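Visitor: Residue numbers (our numbering), protein chains in the order written: chain A, 1 to 309; chain B, 1 to 518; chain C, 1 to 360.
Hints were generated in silico from the structure; no laboratory data involved. Small disclaimer: the values here were computed from a predicted structure and weren't measured. Watch out, some of these pointers could steer you wrong.
Claimed, not checked - Simulated crosslink set (DSS-like; lysine-lysine; CA at most 25 Å straight-line):
hint, chain 1, residue 1, chain 2, residue 2
1, B, K80, A, K185
2, A, K122, C, K180
3, C, K225, B, K363
To be verified - To list a few chain A residues with every Cβ distance to chain C over 10 Å, as calculated:
hint, residue
4, F86
5, L97
6, L166
Ideal Cβ placement from N, Cα and C applies to all residues, glycine included.
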Amino acid sequence: MTGAELAALIISILSSTVRISTPLALSSVGEVLSERAGIVNLGLEGQILMGAFAAAAASYFSGSAYVGVLAGMLAGALLGLIHVLFSLKFHASQIVLGVANNIFALGFTTVGLVAIWSNRGKSDAVPGLPNINIPFFNNIPIIGPILNNHTLIVYLMLAFTVLSWLVLFRTNIGLRLRSIGENPKAAATVGINIERLQIWAVTIGGAMSGMAGSYLSLSDLNLFSRNMSAGRGFIAMAATILGNWNPFGALGASLIFGFLDAMQIRLQATGFPTQFIQMIPYVLVIILLAGVVRKVHAPAAAGKVYERS
Amino acid sequence: MNSLPVLEITNITKAFPGVLANDHISFAIQQGEVHAILGENGAGKTTLMNIIYGLYQPDEGEIKISGKPVAIHTPADALKLGIGMVHQHFMLIDPLTVAENVVLGNEPTRMVFSLDRAVRITEELSRKFGLNVDPRARIEDIPVGVRQRVEILKALYRDASILILDEPTAVLTPLEVNELYDTIANLKAAGKTIIFITHKLNETMHISDRITILRDGKALQTLQTAETNPQELARLMVGREVVLRVNKTPCQRGRQVICLGDVKVHDNRGLEAVRGVSLQVCAGEIYGVAGIEGNGQTELIEAITGLRKMTGGKIEIDGKDLSNARPAELLEAGLGHVPEDRNTRGVVSQFSVAENLVLGYHKQQRFRNHQFINHSGIDAYSSGVVAAFDIKTTGIHTCIDTLSGGNAQKVVVGRVFSQSPKALVVAQPTRGVDVGATEYIHQQMLKMRDAGVAILLISSDLEEVRSLSDRIGVLYQGQIVAEKLSEEFTERELGLFMAGAAAAVDRKAWEELNNEYC
Amino acid sequence: MSTAEHSPSSWQHNLQLWLKNINWRSLGSGVGAFLLSLLVGSLFLSLNGYNPFIAFREIFTGAFGNKYALAEMLVKTTPLIFTGLSVAVAAQAGLFNIGAEGQLLVGALAAAQLASFDLGLPAVIHVILALLAAAVCGGIWGGIAGFIKQRFGAHEVIVTIMMNYIAFLLTSYLVNYPWKAAGMVPQTNPVVAAAALPNLLRGSQLTIGIFIAIAIVVVVAVLFKSTILGYEMKAVGYNPQAGATGGISIAVMGALSMVLAGAVAGIGGGVEILGVHGRFIQGFSPGFGYDGVAVSVLVNSNPALVPISSVLFGILRAGGAFLERNTKIPGDFTTVIQGLVIFFMAAPRIFEAVLKRRSK
Chain A
1 MTGAELAALI ISILSSTVRI STPLALSSVG EVLSERAGIV NLGLEGQILM GAFAAAAASY
61 FSGSAYVGVL AGMLAGALLG LIHVLFSLKF HASQIVLGVA NNIFALGFTT VGLVAIWSNR
121 GKSDAVPGLP NINIPFFNNI PIIGPILNNH TLIVYLMLAF TVLSWLVLFR TNIGLRLRSI
181 GENPKAAATV GINIERLQIW AVTIGGAMSG MAGSYLSLSD LNLFSRNMSA GRGFIAMAAT
241 ILGNWNPFGA LGASLIFGFL DAMQIRLQAT GFPTQFIQMI PYVLVIILLA GVVRKVHAPA
301 AAGKVYERS
Chain B
1 MNSLPVLEIT NITKAFPGVL ANDHISFAIQ QGEVHAILGE NGAGKTTLMN IIYGLYQPDE
61 GEIKISGKPV AIHTPADALK LGIGMVHQHF MLIDPLTVAE NVVLGNEPTR MVFSLDRAVR
121 ITEELSRKFG LNVDPRARIE DIPVGVRQRV EILKALYRDA SILILDEPTA VLTPLEVNEL
181 YDTIANLKAA GKTIIFITHK LNETMHISDR ITILRDGKAL QTLQTAETNP QELARLMVGR
241 EVVLRVNKTP CQRGRQVICL GDVKVHDNRG LEAVRGVSLQ VCAGEIYGVA GIEGNGQTEL
301 IEAITGLRKM TGGKIEIDGK DLSNARPAEL LEAGLGHVPE DRNTRGVVSQ FSVAENLVLG
361 YHKQQRFRNH QFINHSGIDA YSSGVVAAFD IKTTGIHTCI DTLSGGNAQK VVVGRVFSQS
421 PKALVVAQPT RGVDVGATEY IHQQMLKMRD AGVAILLISS DLEEVRSLSD RIGVLYQGQI
481 VAEKLSEEFT ERELGLFMAG AAAAVDRKAW EELNNEYC
Chain C
1 MSTAEHSPSS WQHNLQLWLK NINWRSLGSG VGAFLLSLLV GSLFLSLNGY NPFIAFREIF
61 TGAFGNKYAL AEMLVKTTPL IFTGLSVAVA AQAGLFNIGA EGQLLVGALA AAQLASFDLG
121 LPAVIHVILA LLAAAVCGGI WGGIAGFIKQ RFGAHEVIVT IMMNYIAFLL TSYLVNYPWK
181 AAGMVPQTNP VVAAAALPNL LRGSQLTIGI FIAIAIVVVV AVLFKSTILG YEMKAVGYNP
241 QAGATGGISI AVMGALSMVL AGAVAGIGGG VEILGVHGRF IQGFSPGFGY DGVAVSVLVN
301 SNPALVPISS VLFGILRAGG AFLERNTKIP GDFTTVIQGL VIFFMAAPRI FEAVLKRRSK
């Protein structure tokens, strides 16, 4: 292989990495917000799937992919809102809610798929998002082509990650949010409105997962297929943990997972058992949770509902 | 100095069902003084402070700030009036820094959070009031004494001019207590008024300008600290003349069954809760550990019964070294345990009476048939215990949560006592139990004693300890500070030792007490 | 006042006790959740332009229409009994086992492999050996999660979810490479005739697997009702601190319960292979493990009642397949109902809130 061919291969793999990582990062950073505020959302998978479906349907009926993106975000936000409200008001188990969400989403979207397109496997083609060429990148070697010519959502993902980090660590709201996830009682005594912040965090997180879904059906492919999310929700959760509940960490973890996926896709042609590569994210999470290699610090009060006495 | 008192309480009265917590309390606090509110537990101090801080509303009475009557309906109102409270249990966010904790909720800049600004503000406050903290340190990395300073800074940041400190030395080491004294002096020098809630005599003498004594919900007197002494305070706190003497009496009956040698135990936060306890309990005697809750009782009980590891010391049961043994080993060695908290540790509320009656002993041959439960064996045994202990239940198979507190406690007691133990650790045996069941349980304990069992009784009910025990040891801040035959202690004396008076009386004697091993 | 009473061993008295000990409140919640989901599901169907009554009629027919439908319903029920039991077993000890899916897969593969060799053994022995292998492998899989939880404190929910994916990938590797049968399809060699589970109704897929499932239910129920181990697990599950005071090791019970849960799910996988598929085929499980969570939650983790909720979901699944074949309504509608049921079960206070508003 010549140098030029090698360079082209690397660029191709890394470019794929960015594309594959995008939905993971969106969902994962959204979950960072959620869990930092103390709510664990296991229903990411369902949110992504619903988002993908809503985006495809909206795009199909409206003719505009941008409407689709919005629809996807709304669908995810709605599921997130239901999740947090049920947790707060009805003291539902966050774990069980998440499992229910995923099962429900699969059924719902498949029924919808058949209802709209009369096909149990996949929908018709729907208007998708165009690739965006940013001339600025053309002048930068290597990094330029990797980051260029992606669809809108990829760039939104980068923006959202930066925004999330800024909000979490550089604003008053972020400070308060983090305090809720660590010690809700202490936060309450200084007058912070816990429920309101939690609702916002989880709803926005849901919108992000919904956007991740939109990416799948409007950017990656231009259609919706049954169970399109294919476990990405759980990888996103893994990325949240691996990223130590930090937006940039989650992005980094998502990129790693995306890279692994890009590699294993290319390796499949060679007959190498790629399952072991695909296993890496999950094994990493377990190792990290066991605290053996590096201490990850989960928000102390994540998953527990604060009871105001 | 301002002639108007900065805070004046008139006729504050607050009743709860069954108890008059505050009974027409009136006193005044001068600007810039350190004022101690001294009283035993249950004297009404916390209720009064909660009223001042807006957490409760008084039934009667008036509060005046600098001469003006005010209404305090919420802690936010209190803060607006300049009243800040530092609670016993801190409200801090561990992974965040000191500066972030200080300004949380009232951040100095709009929207964007500036750590530098928060740090500068914290440093200013720290300098101004002599409260030494590192603004960039994380709460989880700093010791308890410093955390308390952060809580004080929180109040100062919100412009508190009156600071209420609720039992501030309860969580501090002796060194940290001295640092707190310095802090209070600094705050006073900066013009703040400090109200210091406590039951500890020596600290009151050390730090305050004036003292208001509360007893049984009433404010008795307000004294100038310089014009009084511990004896007078003690007399006022409890109502009669008292002689303070520190003493130790060895085991007098039978042979030694329970022996604790210099036992040291850490609590959940890693602080020393038990600081070297040595005691012996003989066969056929009840040794009562008297003390106000929170002085290491829980950790001591857990260490003896194998539920928590000791950091030092020795435990011997009937001659066998069982230091840091597992609960199962201790049960088998003949040590019975009636736990402090029936609901968290004593019973499984979803189990039936019978199932609870064999908990801990369920592996005995008579209750099993190889790996299977011998239901008839358990049923026969349970019926016997229910009869013997007069447990009122509709059946041995009914769920235990249908039983009253007293009967549920009898289940726990019956379970442990019916196993012919050699030694017993009995903690708060009649808490939440009605009079009849209390009487019964006490009788049963005396019966066990007469049958030759060594009983270690830990209770915060002074009456109970005095009436049941042959010997009494007072646990204060993780050490036995006094030990005598039960009849040699007066109730008032006991109360004072429980309040820490011994430390002020005879330090050397106090230290010599703990140099005995098994 | 009465104190002790000797319990007569008459069956009437035992029945009374059993009835008294059923948590009627949570049973009511379960029924309520189910009905509510049917309601919401119907709304959803009509919105999509389908007739809910036709849907329910077809579902019913698909499950009860004739003996073949009934058989099919039982076939769909069988694996759910195992996974539901798996989740319930862990729940009794206070743990949340979302890993039944992975434990099932691992057990299935183990059974498939062992059963694919002609060992010259009588059928009964061969089947038992294969299922034993399934139990051991599933138990190990569950035990790993249990151990990690007890030793390192990592939350079992996340760990088991991760292990589900690891299990899927591991079995995928094994069935695509070393243990792959000849041909294109990722599957193992077929199970030898001796090791296949005997069929109960010719023309259907119903085998004695359903009896094995019931037998395991009985074993588990007996375990929790009548053995020392069961007593200790429940004590620790209900109140770990009281259990510790009673000398029971929380760590040991926790790990053990996960091993047991994994073994049960593993056997379920084995039964599904030996009975229905005859070989391990990649992707054979449409999510039995996650359905098991629904099954267990619906009966509040009571092992004895697991068959009832399993049948409920079995009806949905069999009916769903029938629905799909005979109408234009996709069978996944039943998945919607399933999700809604767990959803409403997860929020018992919904009913309290609704009832409170009624009584105002």
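Visitor: List in ascending order the numbers of the hints, as given earlier, that are violated by the structure.
Guide: Violated hints: 2, 4 and 5; rest satisfied.
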